[in-house]
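Protein chains in written order, with the UniProt record's numbering: chain L, 1 to 304; chain S, 1 to 324.
The hints are simulated quantities; they were obtained by calculation from the structure and are not laboratory data. Note that the structure is predicted; figures quoted are calculated from it, not measured. Take these hints with a grain of salt, some might be off.
To be verified - Here are the in silico distance ranges between beta carbons for each label pair:
(1) A32(S) x A91(L): 18 to 28 Å
(2) E284(L) x G45(S): 49 to 59 Å
(3) H279(S) x R141(L): 30 to 40 Å
(4) S201(S) x G136(L): 51 to 61 Å
(5) K129(L) x S143(S): 16 to 26 Å
(6) V20(S) x R253(L): 51 to 61 Å
(7) E284(L) x V20(S): 51 to 61 Å
To be verified - Selected chain S positions facing chain L (in silico; Cβ < 7 Å):
(8) L60
(9) V61
(10) Q68
(11) G72
(12) G76
(13) D104
(14) Y107
Claimed, not checked - In silico DSS-like cross-links for lysine-lysine, where the CA-CA straight-line distance does not exceed 27 Å:
(15) K54(S) x K201(L)
(16) K142(L) x K168(S)
(17) K269(L) x K300(L)
(18) K269(L) x K35(L)
(19) K193(S) x K168(S)
(20) K92(L) x K168(S)
(21) K178(S) x K54(S)
Just so it is clear, CB atoms sit at the ideal spot from N, CA and C, and this is done for glycine as well.
Each chain, letter by letter, is given below.
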Amino acid sequence: MTAPPHALNLVEAEASGPASYPAPLAAVAPPSFEKTGDPAALAEIARQVRIKIVRTIAQAGLGHVGGDLSVTDILTTLYFGVLNVDPATPAKPDRDRFILSKGHCAAAFYSVLSLRGFFDPAAVDTFMKPLAALNGHPNRRKIPGVEANTGPLGHGLPIGVGTAVGAAITGQDWRTFVVLGDGELQEGSNWEAAMAAGHRKLANLTIIVDRNRFQQGAGTEATNTLEPLADKFRAFGWEAIDVDGHDMTALLRVLAARGTDRPRAVIAKTYKGRGVSFMEDRVEWHHKVPSAEQVEIALKELSL
Amino acid sequence: MSAPEAPRPAGAPETFDCRVAFAEELIALARADSRIVAVCNDSVGSSNLGAFQKEFPDRLVNVGIAEQNMVGVGAGLANAGLIPFVCAAAPFLTGRATEQIKADCAYSQYPVVLCGMSPGMAYGELGPTHHSIEDFAWMRAISELTVMAPADPQETRQAVRWAATAGKPVFMRVGRFKIPAVNRPGDSFLPGKIGTLREGSDVTLAAIGTMVSRALEAADLLAARGVSARVLNVSTLKPLDEETILRAARETGRIVTVEEAINVGGLGGAVAETVAQHHPVPMRILGVPGFAPTGDTQFLLDHFGLNAKGIVEAALALLGKGAH
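So that you can see chain S by itself, here it is in the shape it has in the complex (with noise of 0.2 Å):
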């Protein structure tokens, strides 16, 4: 879909694209576990399946082009007593089949696992059709539903096996666009709990999957300027880990929410109705604001200033302090 990738420049961290880890992940733990099916919608290339089909052809439901049919046998196979990851490009997986989220698996709580695949903006010149920007608030609106969005390789891999056996139903967001590591080996992973990957008093900067990486750098900038920055990885968006949120309010008065989605209803959404309802403190949200012109992914994400660089200017903003 994109261009062939210039090579790393020296000093750049490596970048890991985390459907490589969700794959080998899912394969593990169905060669340890008979139970664990992959459900997709003529996608076993673009959702990597193709290690899982050869391996276990018999346990790959491939509906073909049907996303709404899909979702419903994920839930018919969880009520047969299989553990169904449903993989599928995130734009149709939340788009097509909303009601079958709802209905099928949430409301009759199935414990199906929703693998939003290739979510965001990853694929950039294909345009808006093929974005999934709204599947944050799409998703999050749904009673009892899980919403992930494992920020690396490392925290897919343990997101993956926590919620093959949560018994209850989660969506999850599986990144194509190639990002850093965020999370130190050995790093616990826990669901429904925010990570404060690095502590700070000046104001916080909250971000989610692929924003948590350039928040991290935005840190390290704002440090250079005499800010300290608290970084949060909010790796599970519902249910929110309101506790750290409002010790970060507290503790920092300020917060920048940063998150490759549309900037409504989102990470920015679940933070302000937090903070609005306990602890007011002014924020920034930042996000995509609308349907994206053309351009690749790390053009698009620049664009909107979803980057180090816009992630400065709004924590300087909320400071009172202008960027230069």
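Excised from the complex, chain L in its bound form (with noise of 0.2 Å):
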């Protein structure tokens, strides 16, 4: 054997990445609230979290509102009422894992990250703006916070499953929680990482699927059925809980609770476009922008 090859570098270009990437956002900003334990508390973040959201959607003139709006309340009880994250050491290594599976839904998860001092909420005024870190799907290595570059669908449960077979395999206690939409609940990998999941009883694993009962075009019973879901994940060897997505006293004891022998799915029944009167429950507010008239009357509502 020669000199130790792993001394050697790849040639710089490769090495340095591609010119066009931004500076990273700095990490680190004062939260705009603290961790709670108190559902009131959680709904009045949430309240926040969704007129950041339709100001950042208007702004940029794209998004995915109503899926945005039906995450809302699962994110904010996740980074404010559950998970083990620390803004200010985003990489320490006992951290929960959140993965944002339906990285569409990036103007929630920005708005939460911010709020929850990742980066200053400020910063999310450049969603999707040329050259801005904050692109229309999350980039772990430009925003603090984000574990992985999620945007095609059906990527986030197989990632969860890898990082909850890490923590068994290394002993770590920490766990992992994957946000995923319903719709993209049609995509095989899922399935196949379900099965992974339940044969090998990873019960450090937690999921939430954000019930909607819309995907882009249509109900997802009418494009291609996910009934009965609950009873799909039992098939596979997890425990699978209803719950109300939008009711934060039942999201924070469910989200808490830990597996004992096995992963779980947390169905989230929830309303695409939550909050705002003519956005709720409608199909067509996947990815509409509202307009100025709209958008006064949504963050009136919000604000109400």
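Both chains are given apart, each in its own frame, so use the hints to dock them into the complex.
Listed below in structure tokens is the structure:
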């Protein structure tokens, strides 16, 4: 054997990455809200998150507002009530892992991360602007607190199975949480991962399905039937729990509890566009952008 | 998969299945570093992971026949601080899980080592579904993914050792089709650099993986005809060592590329992109022209002219000399 080959580097161009990459966002901003076990306080944070989402989408002129608003209470409960994460050290080894498999709901994710103190909430105003760190789908190399570059559907759960297996191999007790859209459960990769998680009895893995019953163009059941969804997970060796995805008390209770001998699937019943009357439960708000007038109405409703 | 081998003729070089060196090196690394884990798709046998599984049963993650999940799990294991070697037959690893390789490994920059076992036409008679001739083109198109094809057991060991600490995603071919050693003991392996195995001034033979030993053989035959052929071992296909390619273009004026892969988008494509933009020279791109007919690996390589004779003919054509 020759000199240690791993001391050598590949050519410079590859090592430094494409020049078009902006500098990552600076980590750490004072959190806008502290972690809390009070459901009423969580609901108030979620209201602020929704206001931020609507403003962000309106300013960008792009986004997935319907799914952002359906997943808001889930993300808020996780980040402000459940997850062991530290914005001051986003990569601390014993952090809980959170993966947003429905990466298109980045506006909700960025709003929650920034209000939690991972970066300056003002930076969310750069959402989808040219060369901004805040792409339409999250990028872990640019945004503190992001674990995986999601966007294509059906990727988050396999990665989450990997982190959960990794914790099991290394004997660590941190947990893995993955939020999935319901429509993306039509991707086969999820069921490969569900089978592996059930087989391995990954009690440290919890998924939350944002069950708003709509995909991009129509209802899930009108497109490719998912029900009986909880039973499907049970058949794969999971514990499945139905919960009201807008009830902070219920979400807090269900998400704080750890599985005992198998992975947990929390089927969170939600409404697309939740919190804005004219968007709620309407498929057309999947990625429609509100007009100036509609933004005004939405913000008024969210401020009541 | 193949018929029992005939005994080696006297004088013929000893040949090696690179999976043996791969497995031995992986086990040596795993003994020294508890972060090393192997992930596979029901391929403990074909990935030659039996001994690894026996010694490290808790560090062998067999996800079953599920390649998309397998690669995603690899990225998750890397997130958890482990060093995953994700092993599967190359056609299924690269074809079935392309998007996971792109998004979860390359774009997310998780240092997963993707090991494409039995690449090229190693599964000869099993046919084009089981051939991995597209992997170079597919993997080369993915940004920030290193693509390697070690040419012999020694280089396989060195590539495995390097990839474990590279801190970036790597795809490497691990050959099953038996090949002779092309590097001498003590030869240094430079990741990202092309090895010059033989100097020459009339034509350059740039080869990768299983084709390197054949290029050396061709250089001998060419020397007997008074042609001085330079032989390059392109063990890292991406990033390509453009400096060595362009020096060869300037100094020899002609390049033949040889790969056990489809003849678009692989080594030939990479070299052509480089020379066409910086120092155009006449080229011949030798590879597999399309879906292969039935036959064992040796038959198919000969069928497509991927042997010393075929390389010699291409070089002589570039030199304006007939083969006879």
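Taking the hints in turn, this is what the structure says about them:
1. A32(S) x A91(L): 18 to 28 Å: About 25 Å separates the Cβ atoms of A32(S) and A91(L), which means 18 to 28 Å holds.
2. E284(L) x G45(S): 49 to 59 Å: 53 Å, holds
3. H279(S) x R141(L): 30 to 40 Å: 35 Å, holds
4. S201(S) x G136(L): 51 to 61 Å: Given range 51 to 61 Å: holds, Cβ gap about 53 Å.
5. K129(L) x S143(S): 16 to 26 Å: Between K129(L) and S143(S), where Cβ atoms are some 22 Å apart, the hint holds.
6. V20(S) x R253(L): 51 to 61 Å: Holds - the Cβ-Cβ distance for V20(S) and R253(L), about 54 Å, lies within 51 to 61 Å.
7. E284(L) x V20(S): 51 to 61 Å: Roughly 60 Å apart at Cβ, these two residues keep to the hinted range, so it holds.
8. L60: Given a least distance of 10 Å, the restraint on L60(S) is violated.
9. V61: For V61(S), the interface hint holds, since the closest Cβ of chain L sits about 6 Å away, which is under 7 Å.
10. Q68: 4 Å, holds
11. G72: 2 Å, holds
12. G76: For G76(S), the interface hint holds, since the closest Cβ of chain L sits about 2 Å away, which is under 7 Å.
13. D104: 6 Å, holds
14. Y107: Hint holds; Y107(S) Cβ to chain L Cβ min 5 Å, cut 7 Å.
15. K54(S) x K201(L): Holds, at roughly 22 Å.
16. K142(L) x K168(S): This hinted pair holds, its Cα atoms lying about 17 Å apart.
17. K269(L) x K300(L): 25 Å, holds
18. K269(L) x K35(L): 24 Å, holds
19. K193(S) x K168(S): 17 Å, holds
20. K92(L) x K168(S): 20 Å, holds
21. K178(S) x K54(S): 25 Å, holds
The structure is inconsistent with hint 8 alone, although it conforms to all the rest.
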